[in-house]
Amino acid sequence: MLKRIHATFYLGTHLMIRFMKRLAGRPGKGAFLRAYATERLVPLTHEEKGLLEKISRCIACGLCDLACPATVNPDGTFPFFGPSALPFLSRSVPDFTAAPFSPKTCGECRECEKACPEEVPLTKIIEFIKRKFEEVRR
Amino acid sequence: MRPRVTIIGSGIAAVATACEAIRSGAEVTVIRGRPGSTALSSGAWDIAGDPLRFAGTPWQEVRSPRESLQELIRRLPHHPYRLLSLHDQVGDLPSFLSGAVNRIARALDLPLHGEIGRPFLALTPLGTVKVTAYTLPTHGAGNLLEMQGARLMVVGIQGLPSHPAALIASLLKKNRHRSPSLSEITATQIAPERIPKTLSPVQVAHSFDEDEAIDSLHKVLVQQAEKVRPTHVALPPVMGIRQSAHILSRLRETTGIHWFETLGLPPSIPGIRLQESLDRYFRLTELREGTVTSARMERKRVVALHIRDDEGRDEEFPVDRVVLATGKFLGGGIAPGTFREKIFNLPIFHNGNEIGARPVGPVVSRHYLDPHPLQSMGLRVNPHLQPVDDRGHLLLENLWAAGSILGGYDAAREGCGVGVAVGTGTLAGRLASERFAAHA
Numbered sequence: 001m002l003k004r005i006h007a008t009f010y011l012g013t014h015l016m017i018r019f020m021k022r023l024a025g026r027p028g029k030g031a032f033l034r035a036y037a038t039e040r041l042v043p044l045t046h047e048e049k050g051l052l053e054k055i056s057r058c059i060a061c062g063l064c065d066l067a068c069p070a071t072v073n074p075d076g077t078f079p080f081f082g083p084s085a086l087p088f089l090s091r092s093v094p095d096f097t098a099a100p101f102s103p104k105t106c107g108e109c110r111e112c113e114k115a116c117p118e119e120v121p122l123t124k125i126i127e128f129i130k131r132k133f134e135e136v137r138r
Numbered sequence: 001m002r003p004r005v006t007i008i009g010s011g012i013a014a015v016a017t018a019c020e021a022i023r024s025g026a027e028v029t030v031i032r033g034r035p036g037s038t039a040l041s042s043g044a045w046d047i048a049g050d051p052l053r054f055a056g057t058p059w060q061e062v063r064s065p066r067e068s069l070q071e072l073i074r075r076l077p078h079h080p081y082r083l084l085s086l087h088d089q090v091g092d093l094p095s096f097l098s099g100a101v102n103r104i105a106r107a108l109d110l111p112l113h114g115e116i117g118r119p120f121l122a123l124t125p126l127g128t129v130k131v132t133a134y135t136l137p138t139h140g141a142g143n144l145l146e147m148q149g150a151r152l153m154v155v156g157i158q159g160l161p162s163h164p165a166a167l168i169a170s171l172l173k174k175n176r177h178r179s180p181s182l183s184e185i186t187a188t189q190i191a192p193e194r195i196p197k198t199l200s201p202v203q204v205a206h207s208f209d210e211d212e213a214i215d216s217l218h219k220v221l222v223q224q225a226e227k228v229r230p231t232h233v234a235l236p237p238v239m240g241i242r243q244s245a246h247i248l249s250r251l252r253e254t255t256g257i258h259w260f261e262t263l264g265l266p267p268s269i270p271g272i273r274l275q276e277s278l279d280r281y282f283r284l285t286e287l288r289e290g291t292v293t294s295a296r297m298e299r300k301r302v303v304a305l306h307i308r309d310d311e312g313r314d315e316e317f318p319v320d321r322v323v324l325a326t327g328k329f330l331g332g333g334i335a336p337g338t339f340r341e342k343i344f345n346l347p348i349f350h351n352g353n354e355i356g357a358r359p360v361g362p363v364v365s366r367h368y369l370d371p372h373p374l375q376s377m378g379l380r381v382n383p384h385l386q387p388v389d390d391r392g393h394l395l396l397e398n399l400w401a402a403g404s405i406l407g408g409y410d411a412a413r414e415g416c417g418v419g420v421a422v423g424t425g426t427l428a429g430r431l432a433s434e435r436f437a438a439h440a
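Here the protein sequences line up with chains L and Z, keeping their order.
Using our numbering, the first residue of the first sequence is number 1, and each one after it goes up by one.
Using our numbering, the first residue of the second sequence is number 1, and each one after it goes up by one.
Source of the hints: derived by calculation from the structure; they are not laboratory data.
Every value quoted in this text rests on a predicted model; they were computed, and no experiment measured them.
There's no promise every hint is true.
[Said to hold, decoys possible] Only pairs whose alpha carbons sit at most 30 Å apart, straight line, appear in this in silico DSS-like list of lysine-lysine: (1) L:Lys49 to Z:Lys342; (2) L:Lys130 to L:Lys54; (3) L:Lys49 to L:Lys114; (4) L:Lys21 to L:Lys3; (5) L:Lys114 to L:Lys54; (6) L:Lys130 to L:Lys29; (7) Z:Lys342 to L:Lys124; (8) L:Lys114 to Z:Lys342; (9) L:Lys49 to L:Lys29; (10) L:Lys21 to L:Lys49; (11) L:Lys29 to L:Lys54; (12) L:Lys54 to Z:Lys342.
[What the hints assert, rightly or not] Residues from chain L that face chain Z, not an exhaustive set, calculated with beta carbons under 7 Å: (13) Cys61; (14) Ser84; (15) Pro117.
Glycine included, every Cβ here is placed at the ideal spot set by N, Cα and C.
Could you build all of it, start to finish, from the sequences and the hints given here?
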């Protein structure tokens, strides 16, 4: 019985505290960044979340890799491992800086997007990665 | 005046229609959108799987595509093969299909291997055996039925996990009671120079189009063959994209043994090569690139198509006769979620019943190997391959349909994907090009 009273009291106070905090206003982006910057997390907008959903249309057919002119250098080296890896890479923002490529290699010719049977917005994904890459590094 | 036939599609059904329409003397325009399931092809051309085969059937007892075809028609009354076999333009269905396949192979300049009277047992990168009818040239020497007393070597490439040589060899050994013909199976791992560090087989295949990479690969493979002394070698399906014929013929000439690729899994290089040779063929016809978004119709006739190109520009394209070969979900013929045909808003059927805005029952089954309504839904057509409504009335007088947009068959279960595409494409191409077509 005593335990029960204690639990109800505890829940009640925290409910009050929660509502009081709400009245004082939301913590905001600054607080988010202070809390999560060390984990290399940055906030996403609603459009960016929608973009992440479209990534899941990828059926891994590899046609974008074939269309991409940046995958093979004339000297036989491979600067960029192809757009097909992007839908998988771009799911995890903290890993963008660890990715073994520089997104600068993509010249945004849109050839991969034209070849995609599922209309995955690959160019927008690359833009997204570049943007977050910069934000995470800061 | 020559009939003007417009074909919407970019896959095998579209190429079959184009071949036949050109042969019949029509003026042909192809409207090619984004690639569909042909670009994911494994390299095997199925005509009819053996419906009486079970998991343990010995390889020598697998029925030929010709026998399986008769069995399929007998068992499945709604199958497009049934419609074809009853049409007076077709005659003997197996001969009709094999004739059409050979003509398409010649038109594409693609020497296919296999014949309608004999099954082709091809090795997959999973170590299983796929029963089919024809295969693309790079798999040609890999019919397991023709390996009497063969010593088979399975090759893997270091850093390419999609072709596990040791696993393929051990699974083949396990199934040896079904394949008494193979006398020895070995696995070997090679590490040629100048290949990228990547998981993408597309990039590895891309690198084998370069002369120096080909030389290095050739040297390593010949060395291995001299050490192991096999009669047949199973290679991963990444032997170049444009140079595959050159790589394999050079290996054959140097060593005098049989070299072949296993079938592809997506991302499938054999499928990409097939799509490239189809695209080369389409460029010989009058070709328009873009997606058909909608159509203008007047009094049960298609008058014009609206085409949107890659830059987002719209254009109206007047048409005389149209063949719809847009595929099912991968090709984009059926809009997912709404269950209507995308361009002409035609109704979609399953087992003879129209699917409304929402299907009544589940569209997929709980178990993978059970039949899935999603796989066998599609347009309902009359014997002339023209779409009809739920009462069997003709919907559009100058429209024909071919390939996987048709309902009534399940390509994966029945092993008849390419066969239906080729058969219905050929018949649709012929009917649409008739000077006085049935209704047009």
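Need the list of violated hint numbers for this structure, in ascending order. none
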